[in-house]
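Undergrad: If you want the building blocks of each chain, they are given just below.
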Amino acid sequence: MKRELPLLLTAIIGLFMILSFFVPNHLVSVPADFLQQCAVIMVAFGYVLGGANALQANLESIARRQQDWPYKIVLVVSLVGTVAIGIAEGRQWQDSDRISMFLYNQVYSPMQGTMFALLAFYIASAAFRAFRIRTVEAGLLAVAALIVMLGRVPVGDAATNWLPEPLHLGVMQDWIMNVPQNAAKRAILIGAAMGVMATGLRVILGIERSYLGGGD
Amino acid sequence: MNVSHDLGIWVAALLTLFVFSFLYKDNPLYKFAEHLFVGVSAGYYIVLNFWTVVMPNLIDPLVRTFTGVDPVTHAKVVQVGGPFAGSIGDYRAWFLIPGILGVLLFVRLIGRGEWLSRWPLAVIIGVYAGLKTTGFAHGDLVAQVQASLQPLWTGDLWTSFNAIVFTVGLVTSLLFFFYSREHKGALGVAARTGIVFLMVSFGAGYGYTVMSRLSLLIGRFQFLIEDWLGIK
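Chains F and B, in that order, give the protein sequences.
Numbered by my numbering, the letters in the first sequence go through residues 1 to 216 in order.
Numbered by my numbering, the letters in the second sequence go through residues 1 to 232 in order.
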């Protein structure tokens, strides 16, 4: 019963949410809207659970003096500190003069930007491996990538200014993005949408139940 | 050169350099920045969810229902129909249910009675499975197919050519993902044409990603050179 009842609950709620799409009556739409609000609230609790889980795992590592434990103190202190400050600052925590916003603007935001910027270097070494042209398909990938990269910077256009307009790198990259890239992207999106629908139905019908985790 | 005297700029600049130090090798400064980033980002999203979801959608309605006072304006609130009346956007005491279920999520941290946390998960998964099944069908599948159905002859040679290339690309790319039959004969030709479009798409996507990362990199260098060191 510890697994069957949650499965039944998922099936009933899932089918009810599907029903609410097709039946625009307040007897269905009010509970459906309430259930949606409940899910939003519980997902927010999930964020707190994630933080608590990270705290638990890192405190254990610190207690056992595992590898890199001093850095885990930094993680624990910054997590607890950010939460404590954010809660203590009240509803105006997002005002520009608050410590929470200092943490966001001067700590979180620059590091996030730099972490992603760091990928520019690694993506370059990945490109070296990926672009070793051995097949026609790899050649197409390399040529499309080069045209898009060069076509998006002024130097690319400047270098091809002497050619007829359709052969300007900027124009070519626009065409690649709007026509062949768009066609394949749409095909992937259509496939993904069908995949999501199939997965949703599998979950509702109880075929997919990995979200319940292990145990009895 | 006019080095900044702003504490915030110095903090951001030093943390930026700490992260960039990973390009040399994994080192204590990078590890410090990495752990600080994880802690601050996790903490930030907890606070964000607390003030933008839990407070306005759960705690405020419950306070309003049980005390009759609005927690934000402190004005008296008259609620007709009692605490368990419900209409779109006003569920009053019914919010005790997600509150209790939300707390049950934390049981999995204790170990014993872990199965209780399956109840809130069942609600979350049920709601989103139902919503996404119809949502993706309506918003993605139908919308994408509808947007792709375009006239192949428009009167203009270039736009007609583009429409034909687009339609051939879409159909053949979709056929490439059809695995119920072996890719032989006409299906094989279509699937191979699909691969051409997919490879061009992946290449273009790759180039686009590289440029966005480079743009971020330029942004970080601009910050270090202009905002921190004051070189203009």
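Mixed in with the good hints, there may be bad ones.
[What the hints assert, rightly or not] Once the Cα atoms are required to be at most 25 Å apart in a straight line, the calculated SDA-like pairs of lysine to any residue come out as:
{"no.": "1", "chain 1": "F", "residue 1": "Lys2", "chain 2": "F", "residue 2": "Phe22"}
{"no.": "2", "chain 1": "F", "residue 1": "Lys2", "chain 2": "B", "residue 2": "Phe106"}
{"no.": "3", "chain 1": "B", "residue 1": "Lys232", "chain 2": "B", "residue 2": "Val3"}
{"no.": "4", "chain 1": "B", "residue 1": "Lys31", "chain 2": "F", "residue 2": "Lys2"}
{"no.": "5", "chain 1": "B", "residue 1": "Lys25", "chain 2": "F", "residue 2": "Asn53"}
{"no.": "6", "chain 1": "B", "residue 1": "Lys132", "chain 2": "F", "residue 2": "Trp69"}
{"no.": "7", "chain 1": "B", "residue 1": "Lys232", "chain 2": "B", "residue 2": "Gly8"}
{"no.": "8", "chain 1": "B", "residue 1": "Lys25", "chain 2": "F", "residue 2": "Leu205"}
These are calculated hints, taken from the structure and not from any lab test.
Undergrad: So which of those numbered hints doesn't the model satisfy?
TA: 1, 4, 5, 6 and 8
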